[in-house]
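Undergrad: The listed protein sequences derive, respectively, from chains A, B and C. Heads up: the first sequence is residues 1 to 660, going by this note's numbering. Heads up: the second sequence is residues 1 to 587, going by this note's numbering. Heads up: the third sequence is residues 1 to 343, going by this note's numbering.
Calculated from the structure, these hints are not laboratory results. Everything numeric in this text was worked out from a predicted model, so none of it was measured. Among the hints, a few may not be true.
Lysine-lysine pairs mimicking BS3-like chemistry, simulated, CA-CA at most 25 Å apart [as the list claims (entries may be wrong)]:
hint, chain 1, residue 1, chain 2, residue 2
1, B, K87, A, K141
2, A, K288, B, K399
3, A, K519, A, K505
4, A, K543, B, K87
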Amino acid sequence: MIGNMKTTIVLAAALVLHVCVFVAQANAADSLQAREEQAIKAAVARVAPSVVRIETVGGLERIGQLMVGAAPTTGLVVSGDGYIISSAFNFVQKPDSILVTLDGGSRRPAKLVATDHSRMLVLLKVDTDASLSVPEVVPEKEMRVGGWALAVGRTFESSQANVSVGIVSALSRIWGKAIQTDAKISPNNYGGPLVDISGRVLGVLVPMSPQGGAELAGVEWYDSGIGFAVPLESVMRSLPAMQQGRDLRAGLLGITMQGADVYGTDAVIAAARASGPAYKMGFRAGDKIIEAGGKPITRQSELKHQLGPRYANEKIRIVALRGDQRLDREVELVDKIEPYEAPFLGILPLRGESLEKSPPVVRYVYPESPAAAVDLKPGDEIRSLDGAAVDKLDTIVEKMQSLEPGQKVRLEVRRGSETLLVEPTLGRLPEALPGVLPPAHGPVEAPPEGERPQTGVVTVKIPEFENECLAYVPDNYNPRLAYGVVVWLHAPGGFKQEELIERWKPLCDENDLILVAPKSGDRARWQPTEARFVRRVLDDILKNYHVDASRVVVHGHEGGGAMAYVVGFTNRDVVRAVAAVDAPLPRVAQLPETDPVERLAFYTTLATKIDATPAIEAGIKRLREMKFPVSAHDVGDQPRYLTTEELQQLVRWFDSLDRI
Amino acid sequence: MRLSLVLCLLLSSSAARAQVDPQVLEAETARVAVVERASSATIAIFANGGQGGGSGVVISPDGYALSNFHVTHECGPGMKCGMADGKLYDAVIVGLDPTGDVALIKLLGRTDFPHAELADSDQVRVGDWCFTIGNPFLLATDFQPSVAYGVISGVHRYQYPSGTILEYADCLQSDAAINPGNSGGPMFDAQGRLIGINGRGSFEKRGRVNVGVGYAISINQIKNFLGHLRSGRIADHATLGANARSDERRRVMVDDILDESDAYRRGLRYGDVIISCGGRPVSSVNALKNVLGIFPKDWRVPLVFEHRGERSEVLVRLRGVHREAELAELIESQPKAEPEKGKPRPVPGDPKPRPERMPKGHPATKPAPVPEVVKQHYVAKSGYVNYFFNQLNRDRVWKALVARGDYAALRGAWTVVGQAPMNEEVRFELSDTQASIKLPSGELKIELTGALSERPDPPGSGGLLVALSMWRRFLIEGPEKFGDVYYLGTAPLAGREGLMDVLVATHGDVECRFLFDPADGQLAGMEMIPEEDTDPCELYFSQYKEVEGRVLPGRIEARHGDDYLQVFQCREFTFASAAAAEEGGND
Amino acid sequence: MTRLIWTFCLALVTVVTARDFAVAQSFAQVIADNQPKMVKIHGAGGVRGLEAYQSGFLISDQGHVLTVWSYVLDTDYVTVTLDDGRKFEGKLAGADPRLELAVLKIDATDLPSFDVAASVPAEAGSRVLAFSNLFGVAAGDEPASVQHGIVAVKTRLDARRGAFETPYHGPVYVLDAMTNNPGAAGGALLNQHGELLAMLGKELRSAHNNIWLNYAIPVDEMRDSVTRILAGNFRPGEDKPPAKPDEAIDLAELGLVLVPDVLERTPPYVDRVRAGSAAEIAGIKPDDLLVFVGESLVQSCKSLREELARLERDAGLKIVLMRGQELIEVEIPGAKGGEPQTP
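The following block holds chain A by itself, in its conformation from the complex (with noise of 0.2 Å):
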């Protein structure tokens, strides 16, 4: 019934833009400006007929900023018999009900068939009599940067298209996943076409961000000029799949690479994980990928291109030279890796700069640790670890990174003038804290003459912040030691300089610690994009004195506390333990993976008897979950600061972050 009644709206909505066209035709021939206005308009209605609205009812209201749910979106038909492709955006709010309305104005139902995860697309189907219409696809081959791109939705008004004009900004984006326009693109036609000057369709337009993420990952860009269609000839390719009901998902290897630079670096393997497609067929750390696909790989994106647009289950060709050996596998990929669990052996090296040109020596070996069960003693010397020899202390560190607990390793052990060759079973990081520890290094020589920087109460000043930041440098700080960072993050209200270095100077002296204290803004509240200043604080110490890139920590208490997981969480490069103090995981869309390179470990207090106890234990659930090192520390009823001993045991703790 309804379906008549709106068919008579759209012919005569159709005889008026009949009549538009002849009359625009006739007055402005001859302009190129003109010429090109009918063909945007031509073009629209070409590819109007599969445009759909769509409508929801439940599900969310808003999340975060972003209202969700409550505005019509769009949806494009992909195939006759009634299958919609549309923005996994558009179904955020995770609706109960789905209501498509069709370009003749007549109301279905849908069902949400599959979910595309890599693409961030969606299935819809609707049960149809008459064929729906199917748009012309834009063979990916024939795109070309800089030619028309009209982005379409029906979000205004579900008897009319709503357009915004642009051009093809540029293919291969997001890791060869989409392709990219400056016509505004934004809520208004997410999940509708991209198409060209004939009406043919170049993609779907979808939010995203080359930094991956869900499904509100890129919104912010909306309207910019910058922004995304998923290619509809890639779609197509994968809508078999998809009508069968299957989700899909990224096709991962499961190696992590070496450096931080994906354009200045070769593709060189920093760990592969033992449960990943990668590692089961042969790949290792320090193997360098030369091509994949067919292609040959010369930096890490070009990498990240081949793997970006691939599906799990797909199969590519990964060629590697590992020394003069050339290693080359078809690998398939996968969904998902188990979360990477760091291996232990059970000791602390000795520190200083001696040590960090030669062999690793044992200062501590962990009770009940592998390295226990297989005797290994302080003053031991680790030569070799799987036949490969170990000369420094760096080198048994990244050899542990391609390792996880369970495996077995071979150990050349130098103990006084006898070679041992011991088999430990590598184990899991311990939780507990750590008791006293044997001193971390013996006698250093005297620093090198030449200027020093400052020691004692420095204050830090970032050019561009308004923040104030002091810092405490042991005065007796000798560049030829690496010193731990400890990052203080107030509670709300501040602190008292005199109190908080009076607090931490013995501790900072002792351990070879540097203290920084930066300030919130507001002292009553830490702001989130405050993290950026305690980094610009952190970079600055790295570049002044000698740090211990191992034993970077952030600790923080109540608000603090917060915003310590937040730096964390940010600066994975360089914050190696995260310490809070009363104060639960924020919810966080989703947690960072644990990873071979850039470790976490995490120490929490947990007071029995106030309301934020139920969120800290679910937040330590859920970084065990993800495999992080938790060590949670009770402190009886009440919420409170450590006391003197508490603070030393926790001291202790980021003494003992270059376990290995």
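For this one, chain A is given, so just place chains B and C on it according to the hints.
TA: This is chains B and C only, laid out in the frame that chain A set:
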């Protein structure tokens, strides 16, 4: 039902493009071609190991490229540049214009880089199509830049420094998307010629995304600075040395003026009305700031003003905006980090509209090691961005000159006989120790010892004899031995086409500027400046002719201030042997 | 049938294009011709976030300026700066609070101006040029900024400023250009031939998805008010707010019991239907999901109640409900007054 099926068939089977106006398709094809060519010259600049960066554009086959000062500032001497050919090139910093937010870098490793053609940005009109190319939000992970189309929204826009040193004068405004990361990237006209360098946007509405208002530094302004940028130095912008306000009749009046400024010496006074500057009519204070904003310090530009209703046209030497130390400090200062890319930011409460610096990526993790090829093209020297390029140009200019004749051997006294304006004979004697001029009316001789700045002889000349001696000394000694000599950049010279190469040479207590015509490599003129904020003694050399295998000027015109003007026709040059000079006693 | 018409239109396109060849042109001339009609307006404001300026354009050679009604005009001294830099005091000639438009009068004559009487149609896809002093970029005799774009769609304005709904809900052109920026309100929207289409509106967010809107109010909508103001006989007409019915429909009376409203946006599922009630007679069953009341989508129990509250009880009620995967339309006849209620 049957009908719609038929139509589906028709729609899918029909070659849709065949139904599009062929002229529209033709125009589209043309645009695609232009965009492709323009993209090939565009570069993505990566800082902090790809974590941050911006854009740029190559302007010469040997790899000179333009970007923003605020983009290159965080990179250090070397940076990595991705191009549309999919390759990553090493580049080295060459010169900076911090006030104009311009940086010149040089890509290394090729002599045939695709490069952009520079347009005449004064021909750009509001409503012209244009496009921006660059690396917004660092999306160019495969080095293929992003392209955005739009129209020119405004021309000759003036943008206040807004807290920073960056002052956008005479810039282009466009609605083509300019986003974080487009910084330093090119703005092209519809034909694909470079009209500007993108550097700013009005972001206050939505934090860090384009809202239809972006600004580009006009390429014509950059052309004026290009010589200075190539000098490996820190270029400074210019001021009149006077402030102006517009009166009730919207005329631009001098509000106050420094009496040590050249404008003052040329007669500009408080209350005078400025009619035009640099050949452009001045209808408002912004218009004056605009035109001044496009010139480097020390350039001499035409100024037309009304003094007590009387109109005068003068050539005025512009002053610097900053102290040298100020700029040097700025260069050494810590690079300023920028907000995380893409993160929207609340609208600032600042009521005054203020375009902001373009944000870039995350701050640095660790400074990457400087590659060999960069080290080979980089020489650190205090006060310079990259001394390597100063030497390069200094030597280029000198080589071009000595190619026309080597003066090193002429260490003896020089005698120049010629005609003074009134046809009476004039005779100059120039040696290491003395200089003299002899006219029928009498002779005048000076000793070249002690403070040369106190030898303004002949009277009114501002030091003609000293100037000539410096000229001789410079030709003989060359930049290596003359004293402290550096390449300043380029500047116009009255009565000459194009811009001259300028060497600044200091000897004793006088500073000389030698201007060379790049057309023939010839020394076209010089200025001898006894002390700051005084009129120099200017010499203009022309009618060069060959004397004993060396070219020497047949005509020397001497000027000082507005009144002194003498023209000497040189009939003969005689050079005493170096031996004679010995007897003359060498100091 | 409709598709036949489409293809006919397309045929037309191809026919016409056989004509003379045109090269890429600039909008420069059209813009140059119209810049003299644009003005910059300075007045109250200047405090946090509130710019003390906006845009406007001349609509009579006698110095009448059309602009938006805003806090900027809420002062004794409003300055109007012409394109040539001349400054005048702008006197308020009249304002229409519903359309949020105002007409200013300056003491000048022989000015180039637009004719609001002329009516020029525009539709989705029509190319437009937006003139305004957005961000106060232009000062003195500097020309207004110009942006290009197209009409994205013509629709009714449904927007909010901060938390408040806007008074105007009439037709607007939504644009694909980022026109509605600080200071741009009151600017002129022209078609590519330089004909006046509309006046740029204020900075608003969509009431539905909260994203920034770029829109302009068509001349046709403003003509009446403007001509009355110019004629000096303007009486502000109010948008009649949807009259509250004296007796609204309520669910119990229909015999409908919905599922408990517990979620943010609980879908309006039918929990129970009272025996013998109008709802049962109409054929509504438990577990039906009510999706449309009349023509409007109800996304939750809350919005259903709101919708019903707007309806007169003795007017009939049309409901579209979803049963399984099927849409069913039911009619509930208007309840006659005084019908005996079963206890």
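Undergrad: Hints first: check each against the structure and report whether it holds.
TA: Going down the list of hints, with the structure as the test:
1. For the hint pairing B:K87 with A:K141, the CA-to-CA distance comes to about 22 Å; that is within 25 Å, so the pair holds.
2. At roughly 49 Å between alpha-carbon atoms, A:K288 and B:K399 are farther apart than 25 Å, so this suggested pair is violated.
3. The straight-line distance between the Cα atoms of A:K519 and A:K505 is roughly 18 Å, inside the 25 Å bound, and the hint therefore holds.
4. Between the alpha carbons of A:K543 and B:K87 the distance comes to roughly 31 Å, so the proposed pair goes past 25 Å and is violated.
The structure is inconsistent with the numbered hints 2, 4, although it conforms to all the rest.
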